[in-house]
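Participant: One-letter residues, chain by chain:
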Amino acid sequence: MLTRLKTQVPLFSMNSYTKLGEKLKLSGLSLASTHSHVIRLGRHNSKMAVCIAVIAKENYPLFIRSVPVQNELKFHYTVHTSLDVVEEKISAVGKAMADQRELYLGLLYPTEDYKVYGYVTNSKVKFVIVVDSSNTSLRDNEIRSMFRKLHNSFTDVMCNPFYNPGDTIQSKAFDSIVSAMMVQAS
Amino acid sequence: MSIPDYMQCAEDHQTVLVVVQPVGIVPEDEFFRIYKRITSVAQVSIRDSQRNLYIRYRHHYLPENNEWGDFQTHRKVVGLISVTTCGSAKEWPQTSDRFHCQKDVFGATLYDSRLLVFGLQGEIAEQQRTDVAFYPSYDDCPDVEKRVEDFVESIFIVLESKRLDRATDKSGDKIPLLCVPFEKKDFVGLDTDSRHYKKCCQGRMRKHVGDLCLQAGMLQDALVHYHMAVELLRSVNDFLWLGAALEGLCSASVIFHYPGGTAGKASGREPSLSLMSFFPSPLSLSPPSGALTANGISADTSSEIGRAKNCLGPEDIIEKYKESISYYGKYKNAGVIELEACVKAVRVLAIQKRVMEASEFLQNAVYINLGQLSEEEKIQRYSILSELYHLIGFHRKSAFFKRVAAMQCVAPTIPEPGWRACYKLLLETLPGYSLCLDPKDFSKGSHRGWAAVQVRLLHELVYASRRMGNPGLSVRHLSFLLQTMLDLLSDQEKKEVTQSLENYTSKCPGGMEVLTLPDGLKLPPVPLSKLPIVRSVKLLDLPVSLRPHKQKGLLENNLSSKSPFIYSPIIMHTRGEERTKKIEFRWVQGDVCEVQLMVYNPMPFELRVEHMGLLTSGVEFEALPAALSLPAESGLYPVTLVGVPRTAGNININGYHTSVFGVTSDCLLDGLPSVRTSGCVVEVIPSLPRLQLSTSLPRSAHPLRPSKEELSSSVSVQLFNGETQQLTITLENIGSEDLETLEVTSKTCNTKEKLFGEFLSWDLEEAVSQLPLKPGQSVTLTVNVKVRLDFSGGENLLQDLNDDGISVTGLPISSPLRQVLKPRAETKALGSESSKTDYNHVKTLEAVMTFKYSGGAGKVEGYYRHLSLGVHVDVEPSVFFTRVSTLPATRTRQCHLLLDVFNSTEHELMVSANNNQDLVLHPSECQRMAIQVAKFDFHTLPQPDQEAVRYTNPKLLEEERLHAQASMISSTLGITWNIISFDGEASVEGVLNQLVLEHLQLAPLQWDVVVNGKPCDCDIIADCKVGDAVPLEVKLTNRSKNAVGPFALTVVPFQDYQNGVQNYDLQDAVTFIGSNTFYIDTVKPTENSVCMGALLFLYTGDFYLNIKFQDDSAGQGKELPPSWFGLPSVHIKALEVRPLSEHH
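As given, the protein sequences belong to chains A and B, one line each in that order.
Read in my numbering, the first sequence has 73 at position 73, and its numbers run on one by one without any break.
Read in my numbering, the second sequence has 437 at position 437, and its numbers run on one by one without any break.
Excised from the complex, chain A in its bound form (with noise of 0.2 Å):
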């Protein structure tokens, strides 16, 4: 609603913080840049996620994987800021009719770079994919069925008896379904 109004130079230009994280780095922290780099990746190949998660019921990540392997921590950030958005969304619907819910949440949030969709299972397992924000060519449907390939491939790790419902997912299978939809980092 809002984003049509206008787009402005970004305030959240944070060199700064780079520049913080660098001394940090120096003095044996790493601080690493926290906000939005303002890195645009994946134009040759813009159909893709650039990152991908699957954040446990308790709300803590069982799975995240981004391309830009560089910068990961930003990306913590950004899916761990939409959660806020999810649990919203969740509860705002939860409470009228909990059995018609749709799993798909849509947009969670747009960030001056990234769009993030969101996906929460009847289990509250919550999947989040990260577009680029330039990526116009992206549908709505191909998000949906990006996220339902997720949850399927999902459920056959649930299905593995070897794993712990809980733990951080390590299948390959998983892992190479999600590599599929990611854009291949250049």
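A couple of the hints might just be wrong.
Derived EDC-like pairs: lysine to aspartate or glutamate, alpha-carbon spacing no greater than 16 Å straight-line [said to hold, decoys possible]:
#	chain 1	residue 1	chain 2	residue 2
1	B	K440	B	D670
2	B	K852	B	D738
3	B	K522	B	D441
4	B	K353	A	E87
5	B	K353	A	E88
6	A	K89	B	E357
Simulated from the structure, these hints should not be mistaken for lab results.
Since the structure is predicted, the reported quantities are computational estimates derived from the model, not experimental observations.
Given chain A, put chain B in place with the hints provided.
Facilitator: For chain B alone, kept in the frame of chain A given last:
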């Protein structure tokens, strides 16, 4: 207008702005005290009208913001209150001038002003002035509030007049065009007569009047004016003012719908304000809630209806806000207005609980560009975003922005980074990342949170606290990081974290105290219970020799009175009790106690743990800390922690203490559910003495075989059977208490072997006489070790040695001592080695000597200790008796015992017995030895008392009897052997069988034959004279238990020619006086009977009397054994009566 007031909310539109400022030098705290009192007058109800006036006070306001006062009148400074200190009348003119200068700053917009002068007394202060109030001091100004109220009322009057003024002049004069600062140049040269321009002017004026109405408390009128303004402005596309009109409409509606206000709790915003005071920032104070009182609304009902009509619904409010913001967005210079509108809308949405929409407004607010912002402004902006996100329940977003604000505080562009503020802001983000700095909370909950961001945050906290110059905090945060995130750190990170932890602790060692931050936040201690990880805690018993025991008699009733049942299969304890469960064994005050921990090191490098000790309660305990070094990723590793309890009582092992990387931790077991323990409470009893035992014999290499009880020490010795060895035991008191009592007992174990006599014997008297034994003193005790075992088991193998068929008959053998040395036995023994070794085997004898001792306070409580000494003796066979038999001796009261003595040693030995000559035996030689012994009267042996007889097994009783008899025989015989320097006893006990015993026993019928007044036996020759009557007396004493008889005895005389011929035809030589047959009537037990007769020898010569026995009781009772009738044969020598014959 560049600085937004983030604190604004919708209801601020109905307030009038008053600036309160100091003039000249005013102490800050005094100023704020007065300021606070002034701001308490935030709402004034105006007399006559039932309206309220709301005042917003600022102590700092930019004049450029004031320029927007026409746009939104609540931005206009309408009142000024100056506070000043004036010491003397001399200063007064200067002060007055200053006040006027200040007035000029806001001059254009001011409705009224006041000056509060403090400290001035005298002439000037006397004069009554409305615009100036004089007070003697800051403490003495009781009517400040009253003054302010008057001031507000005067503002109201101006406001009301302006409102009326503007509201009425709708027609006639030309309406001036109100405009915002940046518009001014746009209107230069514009056609002021155009319809468009006029409408524009009208619309803007309507909007302005609406503002004034709202401020003057006329909500209804304001709504009407706003609606009109919206219509007018929409028609001329005056977007900026249209936005303002819409916002005014929204504000008025919000004020109507939410009389409680939208600002939320003032206290909720306070902390961030105080934080902001780090940077110079406008301090805002919004009016207290309850902006619209009930009587204000219910003034007249007609307006109520109108209001409802004009007022926007909750949905509409948001729609209009959106519209308004989108109009503002068209103007770059109205960024601040837009931002503030967003904030106001968010607050309204938060009240409406429309979180998603609120987040969209906020998202928009993030992107509003206000041009070049200073660092402080950035921080302020992020902080307010964080707060607003918090307001709508987006805690993670809130934490994110707070963290960004924190980072901004220390941005490299800031010359003096605010690490303190950064740290404080970071701490506030903790809840957003579901992180709590109490490790107890962390270990409890199953919530894990987002580890990656948590680790990052902790790192930042560590860094910020270090830069703040508080290494103590860094240490605490690093400890927390290590403790809670250990599993998530990579090996490299573990190394780094521990390295920096060591660096910090070198400056400030970490401890267990609670760190309190200046703002009162407490950082609980972080015990590093994972460095190393403890898996189990086990209390160890004292070593066997030091264990205390309770005196039996003093044993209290141990049965717990919890249950009325003696035994119940239902175990009543729960898991929780397990930890507090009391342990069976006891510790002793003053003695070193041990606790074993199983630990392991989860780190990828060697872990040095220093000062690892026990934490206890209940008893004064001296923990003796240990240092250990655990290899990288070690497996379970046992660690024994020791300590000495200094007082008695129940001790509870609560946990342990460690020092790792310079951080000391007290790890309590209560907080470590993964630690297995079998109870942590143990009783400490008062101190007892300690004895050390040493012996003259060498220590035993091999422990006792059936070692059911643990031994303090043991000795071993090798002895020949029958040998006696002296063992000297030295007991030294190595404790600190006096030894007061000492008891010694012994117990022979593995009694498969038949043992004769006392194995161990000692005399304690001398040792006991030396008690009490002071610490350091010692006492000695001599113990005789005597082995007498039965080695006769091999007799069957030696069957051939004594197959000469010596039978036990009653027949006398004239030569009793017969050597039965048979050479063939020797050859046989040599020929078959195996058979030799078979009976040559070594037997083992083991016993445990127990030394019970006690003393000191422990003795009073009834405790003692015991030492046990195992005595292990390998017994080699010396001599043994392969066969035993008896031969009757010449005397009826005696007999010959024939013993086949076998020398099983490899040495020549000599056997001797009482009243007998020595016998020399070569190795493996067997000889028969005959010993003449008086028959035994076993009746003289002490009889077991009746009580004992009744309760013991008859078989056992019999055995006991036999044993007593055997030992009597053995001691009478006194057979000893001697090998050069060794000597020992040989016992016949084992070889005596029933038959032999019977022969050795005196017959129960005792016969005494007396000839001529002289008792006769086989080898005694009775003399008598020919021709004299020789009296013969036979006396029977019955010692059996039954009555015997009657018997008949016939005396037959005969002569033995010593050539095998016996002449019984002696009618001529011997004649009986009376009958030669005696009759003995029944003799009752213990009675006797005597028969008398007489003989007359007619010739000299050697005569024998054969007393034949004839049992007359035949048929009446059982046969009595023939041995019972062992009557001696009587040898009488009849001599010539020489003197008599001479006489003839």
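Participant: Determine for every hint whether it applies to the structure shown.
Facilitator: Here is how each hint holds up against the structure:
1. B:K440 with B:D670: Holds, because 10 Å separates the two Cα atoms, which is no more than 16 Å.
2. B:K852 with B:D738: With a Cα-Cα distance of about 14 Å, the restraint between B:K852 and B:D738 holds, given a limit of 16 Å.
3. B:K522 with B:D441: 14 Å, holds
4. B:K353 with A:E87: Satisfied, since the Cα-Cα distance of roughly 14 Å is no more than 16 Å.
5. B:K353 with A:E88: Measuring from Cα to Cα gives roughly 11 Å; hence the hint holds.
6. A:K89 with B:E357: Roughly 11 Å between the alpha carbons, so the hint for A:K89 and B:E357 holds.
Hint check: no violations occur; every hint is consistent with the structure.
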